[in-house]
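Turn these sequences into a full structure, and let the hints steer you where they fit.
Chains Y and F are the protein sequences, given in the same order. So the first sequence is numbered by the working numbering: it starts at 3 and just counts up by one. So the second sequence is numbered by the working numbering: it starts at 3 and just counts up by one.
Some clues are possibly wrong.
Copies of the same chain look alike in the list, so a pair counts if it fits in one copy or across any two.
Claimed, not checked - Only pairs whose alpha carbons sit at most 25 Å apart, straight line, appear in this in silico SDA-like list of lysine to any residue:
id, residue 1, residue 2
1, 226, 342
2, 235, 370
3, 243, 272
4, 170, 273
Everything labelled a hint here was simulated from the structure, so no lab data went into it.
There are 2 protein chains.
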Amino acid sequence: MKPVKIGLLGLGTVGTGVVRIIEGHQEDLQRQVGCPVLIERILVQHVDKERTIHIDSNKLTEDPWSVINSPEIDVIIEVMGGIGLAKEYILAALERGKHIVTANKDLMAQHGQEILQKASEKGCDVFYEASVAGGVPILRTLVEGFSSDRIYKMMGIVNGTTNYILTKMSQEGASYNDVLKEAKDLGYAESDPTSDVEGYDAAYKMTILATLGFHAKIKYEDVKVKGISKVSKEDIAYAKKLGYEMKLLGIAENQDGYVSISVEPTMVKQDHPLAAVNGVFNAIYVYGEAVGETMFYGRGAGEMPTATSVVADIVAVIKNLKLGVNGQRGSNSYLEKKIKTAEQIEAKYFVLLYVEDKAGVLARITQVFAQFEVSLESVIQQPNTINPKAELVIITHNASKANMEKVLEAFNKLDVVEEVQSVYRVEG
Amino acid sequence: MKPVKIGLLGLGTVGTGVVRIIEGHQEDLQRQVGCPVLIERILVQHVDKERTIHIDSNKLTEDPWSVINSPEIDVIIEVMGGIGLAKEYILAALERGKHIVTANKDLMAQHGQEILQKASEKGCDVFYEASVAGGVPILRTLVEGFSSDRIYKMMGIVNGTTNYILTKMSQEGASYNDVLKEAKDLGYAESDPTSDVEGYDAAYKMTILATLGFHAKIKYEDVKVKGISKVSKEDIAYAKKLGYEMKLLGIAENQDGYVSISVEPTMVKQDHPLAAVNGVFNAIYVYGEAVGETMFYGRGAGEMPTATSVVADIVAVIKNLKLGVNGQRGSNSYLEKKIKTAEQIEAKYFVLLYVEDKAGVLARITQVFAQFEVSLESVIQQPNTINPKAELVIITHNASKANMEKVLEAFNKLDVVEEVQSVYRVEG
Chain Y
3 MKPVKIGLLG
13 LGTVGTGVVR
23 IIEGHQEDLQ
33 RQVGCPVLIE
43 RILVQHVDKE
53 RTIHIDSNKL
63 TEDPWSVINS
73 PEIDVIIEVM
83 GGIGLAKEYI
93 LAALERGKHI
103 VTANKDLMAQ
113 HGQEILQKAS
123 EKGCDVFYEA
133 SVAGGVPILR
143 TLVEGFSSDR
153 IYKMMGIVNG
163 TTNYILTKMS
173 QEGASYNDVL
183 KEAKDLGYAE
193 SDPTSDVEGY
203 DAAYKMTILA
213 TLGFHAKIKY
223 EDVKVKGISK
233 VSKEDIAYAK
243 KLGYEMKLLG
253 IAENQDGYVS
263 ISVEPTMVKQ
273 DHPLAAVNGV
283 FNAIYVYGEA
293 VGETMFYGRG
303 AGEMPTATSV
313 VADIVAVIKN
323 LKLGVNGQRG
333 SNSYLEKKIK
343 TAEQIEAKYF
353 VLLYVEDKAG
363 VLARITQVFA
373 QFEVSLESVI
383 QQPNTINPKA
393 ELVIITHNAS
403 KANMEKVLEA
413 FNKLDVVEEV
423 QSVYRVEG
Chain F
3 MKPVKIGLLG
13 LGTVGTGVVR
23 IIEGHQEDLQ
33 RQVGCPVLIE
43 RILVQHVDKE
53 RTIHIDSNKL
63 TEDPWSVINS
73 PEIDVIIEVM
83 GGIGLAKEYI
93 LAALERGKHI
103 VTANKDLMAQ
113 HGQEILQKAS
123 EKGCDVFYEA
133 SVAGGVPILR
143 TLVEGFSSDR
153 IYKMMGIVNG
163 TTNYILTKMS
173 QEGASYNDVL
183 KEAKDLGYAE
193 SDPTSDVEGY
203 DAAYKMTILA
213 TLGFHAKIKY
223 EDVKVKGISK
233 VSKEDIAYAK
243 KLGYEMKLLG
253 IAENQDGYVS
263 ISVEPTMVKQ
273 DHPLAAVNGV
283 FNAIYVYGEA
293 VGETMFYGRG
303 AGEMPTATSV
313 VADIVAVIKN
323 LKLGVNGQRG
333 SNSYLEKKIK
343 TAEQIEAKYF
353 VLLYVEDKAG
363 VLARITQVFA
373 QFEVSLESVI
383 QQPNTINPKA
393 ELVIITHNAS
403 KANMEKVLEA
413 FNKLDVVEEV
423 QSVYRVEG
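Right, here's the structure in full:
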């Protein structure tokens, strides 16, 4: 049988894994798609660089257009990352009728709609399973597995670096800075970790999940983002004491066409399955009207898990090629979404206050909550162990975000409140 | 657009859920498949029975052939259960070119190969996502999500009734019989619970999982099955004390073309994600060579979760119909499998012995393990709390099943061993 030929843009960690799987599992792949699957040409930055795998040097090129323009090549895998060039190359490849598999979350979160539109015009497939939660096939699960259901909420631990850091902080009582340094040394965090620790990476992934799960045109800018760099070991100690684990959760909700999406450090009840997702593992917890609660768990990054998803997409493209149905199995975003206002967003909150230690303080503080219609689930006033001020820990019932903001604003003006130390969303 | 018309065989719990989803989510379904999806005819046992949903009585029939023979109907959903008639109807419907969606695990585990063969001859789809783990889309994950990887092990909590019973026994220290009675009262166990508690239901599901996961022709008879009816509250107390939870685990392994599949009560380490799968929830833990460890969690049964999977399969059939590619997206079982012998099966074991309380006993017992090359991870001789004999708890390292059987046989003849009280596999 005539082989299907692939062009690979990028030969970093994921690209190397893709080569390993396509070569190592060639026999299995042939059995599934009915023909050989060959990597024809690979765009690299430096042809002469030493590599951990053996590759025929004739296949390597520093010229992207020798890949994109090659009439031999049916499918392009983009694993070079970044936005500008990757987008240019993908659009050019689609223009030439080539199918695309990409692991590029930044690109798909910010320019996915333009790329999918072009693919649809050209009758081409664009698959991007590897862009969210590496080895976990969550995108096809949303599109196909839950095609009959209405998904109304998704909670995701979708960034391995921050989950590694929070897990270590929780298990060892260590500080954020100490664990971040260790994570950098181990290669779990990049030298500039901003995109991970400030939540931007997770926000890209939540944009993609919400777009597919809610069939809606979600923009990256719709996501409210807060990272973990301000999470203290004291916050985590409090969380544990109250029966919670701190996780950087992406939360996407959809009610009656109103959507809210956020990424923020969240206290998750210890008996919730997400609380047990530790280290570099990822998990996505999905609520469907009919199916109820489900969870999908696995490695979110790394050479081989991510490459598994890339090559699974290649198998899907080739099956479609054989059946002559490329470009016709995508998901469509048919719903006009409106973004929830702060008045419409409801959640439970944890609040840690340092207050003056004198009579009547508790009454004045609870009065502020009452004034803005935030009712309280628990109030804990404890012997102070950490600093000389009195500590007050409050967990609210579900409250609107707008009202919570008013409460916090009022605290800033209230003389008995010395400091609003921490505020976190609570789930589970 | 011309509607796609569906014939429904069976209107029990799942059938009712299917009607609810197809009617309740009609607008969403139409957006996805591009045409109305209509339930044209429903086979029931008694047309006049009172039902929890309103259905046009003209659609109901007691004559299966008025559904199967109807030239109007494109797709048949079989949710009547059982083997004999369901198989007859499905084969007849395939003969007439109708596509099949079924939730029937017993049937697919025992006659799946015959049914899929017939479907392939007729160019028809047969999908059966709902047959394993109700709302968890694990079958399409194995076939599509992991198409690029080699799965070498799967562990599943795939029976909700037994997981409910074991969870209750663990959480409340209750006995098997007491919890079984309660489960029957609550409707979580059937009046004849044999198929669930003896592991047969889980064995059907493991047959289906192993067939798809390993691309191999697995037979139901290949599965070694042991149920939970002999699990005592003492066993569970021991498990917890040692840091384990007792779960009815289906375990399927594939090494170099040698396969072993079993269902048996297994002690799972408390920090393993499967240990936290409680109540009626199901989960499948999958090990892939490239992807590493992943887990898929959700409700295993119930009207709406199971119906979600049935209707997702309907969506897949209709998309294939529109694209003209029915019968061409199935998984093929291309590998000849050999079943592992007891010599080839390796596992860790927990053994609880009642022994004579005198000098030299421990030496004689450990000598037996050594004689058959079973090395020990831990030996705990404890102050006896449960009965007047001395208790000895042993956890082995990985050992061949054949050698473990020889050890147990030797204990039966050894005078210092009063009783081999319990033997369980250990995982995690």
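Hints the structure fails to honour: Hint 2 is the one this structure does not satisfy, whereas the remaining hints hold.
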